[in-house]
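Number of protein chains: 2
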Amino acid sequence: MKIAIDAMGGDFAPENIVKGVNLAKKELTNVTFQLYGDKAQIEEYLEDEQNVEIIETTEVIDFHDDPVAVIKSKKDSSLVRAVTAVKKGEADAVLSAGSTGALLTAGLMLVKRIKQVSRPALMSTLPTLDGRGFDMLDLGANTENTAQHLVDFAILGAYYAENVRGITQPRVALISNGAEESKGSPAVKEAHALLSAMTEINFIGNIESRDILEGSADVVVADGFTGNAILKSIEGTMSGVFKLIKSTIKNGSLKTKIGGALVAPALASLKDLAGSGGGAAFVGLKAPVVKAHGNSGAEEIAQALRQVHKMVDSDVSGKLVNHFENMNK
Amino acid sequence: MKIAIDAMGGDFAPENIVKGVNLAKKELTNVTFQLYGDKAQIEEYLEDEQNVEIIETTEVIDFHDDPVAVIKSKKDSSLVRAVTAVKKGEADAVLSAGSTGALLTAGLMLVKRIKQVSRPALMSTLPTLDGRGFDMLDLGANTENTAQHLVDFAILGAYYAENVRGITQPRVALISNGAEESKGSPAVKEAHALLSAMTEINFIGNIESRDILEGSADVVVADGFTGNAILKSIEGTMSGVFKLIKSTIKNGSLKTKIGGALVAPALASLKDLAGSGGGAAFVGLKAPVVKAHGNSGAEEIAQALRQVHKMVDSDVSGKLVNHFENMNK
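Line by line, the protein sequences give chains A and B. Heads up: the first sequence begins at 1 in full-length UniProt numbering, then just goes up one per residue. Heads up: the second sequence begins at 1 in full-length UniProt numbering, then just goes up one per residue.
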């Protein structure tokens, strides 16, 4: 198995990317890690070259670049070259911690959409209170979605949960403003009816965003605008609550300060949980395209590589190609 | 000033409603509190009848009732009677902790929409880390909104923030999937352009839901579907984080347990903050219609009554009627 890696993408590239590869290649011994980027810089952090190929590239996409234009204007960038490797069949999947927009555009234009998938989507596995986690999509690849898009997201998410996360008959739910089937925008109500009629999906109905962290569903489907807003609300609230706790303890009585010092390690582990989701998969394409967080550490890159490995190993993209080809739309 | 109160609506009615009136009437001495409901039950909790009128009603709306049908089928319910009092000019505003759907329907059908307001919206003042708070709308009165609806929400929210909360030139922001003006659904992009061209609104551009709790804006505008999802995500995340902290402390080492006991009072005050927003105002109607949370305690009812008092006192609804009448749409 070959995984193409954009070694120059992300806030701490290539250091954290290469260090993540150092960690992952100890476990994933059947993988060839193709590192696209500046050879000299990559070698500085690489422990050894076993199962590693370094492919020299001369350009780097930064966050000021127009994400659509770079596909043509920066053809020798580490990101575009890594995605191109998948297109050419030289790699089975691609990982980048670089520009989300550029990766989505490159994925769509080079790896290409699965036939009959109306829209690809961005999906992450988010943590739940019971530790089981859930997959949520679309997190912002789209800004407007029809009922048919939502139905396709449900299929993409269910295949991922079953094949990559090993969940039998994953429970699929649809974000709405109430649990009753009468609730929702016209697109959500129509998607509800379509999903209810499908036998291949374990559709459990509508879910409110209040309940997703409780583990009430394995796959949570939303339009890209709403999904993006929900994800960022969860992030902002977690970060806000931790800041409040910190300042409450800091400005509190001596008793509170001592208590704060004693619970601090436990609270720190909670904060880790919030960021442990790994990469965001761009699903609905013919091969796995995964985005790691821009500020990923080495362990997060390794975690994203484990995820990519599972996606290739389970052939989830191939199974989705078959599913959609055999559908009578 | 006369405030009509649905004494029978809510999980702990009439007890908490009447106890809230007991608290509020000590401060708001120029208000007549009209309590609609079961006279005997109301009198059980009422401290004294000064500035209070009790209006006997025979029906109560419960959460199984169809919210649209009850306006006609339960005309003698405490909720419908209280809203009708505003319609007839017997009261200046109405407060209920009962069914949101029934209150929205009764407000729309009886109090009526301000002329030229395309859609009314549900708005709450939510807490920020700096204690200043922000107003967010629409929280779910609508499930789909056009650019014009969003523009009207911005005007409604800005008038409220300025007149009721006393904020000069409130900063108004639009929820989108990125801060840049190029981001958003077609409706959001169009609303962005319309708001940018308006001189009477201090429009500061797009905001991501991640940043709203930081106090980056005084008024946050979203379509009802997204606003509802954001509000419920914040609620669910807050409640989830507190549950996690509780179980981490409970299952932690002795050191963590002792620390937990010491910080518990400080953490409890944080939790209060999460629920201190008061009532949700149904804005865009000709008079104030406010919904208190179903499980409100006496202090929350008193807080909602202070809010209703300020809305009537500042004549925010009258000012909005004038604003929209004088607009050239």
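Among the hints, a few may not be true.
Which copy is meant is left open, because identical chains are indistinguishable; a pair holds if it fits in one copy or across any two.
Cross-link-like lysine-lysine pairs, in silico, BS3-like; alpha carbons within 27 Å at most [stated by the list, open to error]:
1) 246 x 112
2) 2 x 243
3) 183 x 74
4) 246 x 257
5) 183 x 112
6) 26 x 257
7) 255 x 319
To be clear, the hints were calculated from the coordinates, so they are not data collected in a lab.
For each hint, the structure was consulted:
1. 246 x 112: neither (46 Å within a copy, 46 Å between copies)
2. 2 x 243: Result: close neither inside a copy nor across copies, 42 Å intra and 42 Å inter.
3. 183 x 74: For residue 183 and residue 74, only the inter-copy Cα distance (23 Å) is at most 27 Å; the intra-copy one is 46 Å.
4. 246 x 257: both (10 Å within a copy, 18 Å between copies)
5. 183 x 112: Only across copies: residue 183 and residue 112 sit 23 Å apart there, 35 Å inside one copy, limit 27 Å.
6. 26 x 257: Intra 42 Å, inter 38 Å, cutoff 27 Å: neither.
7. 255 x 319: For residue 255 and residue 319, the Cα distance exceeds 27 Å both inside one copy (58 Å) and across copies (50 Å).
Of the numbered hints listed earlier, those contradicted by the structure are 1, 2, 6 and 7.
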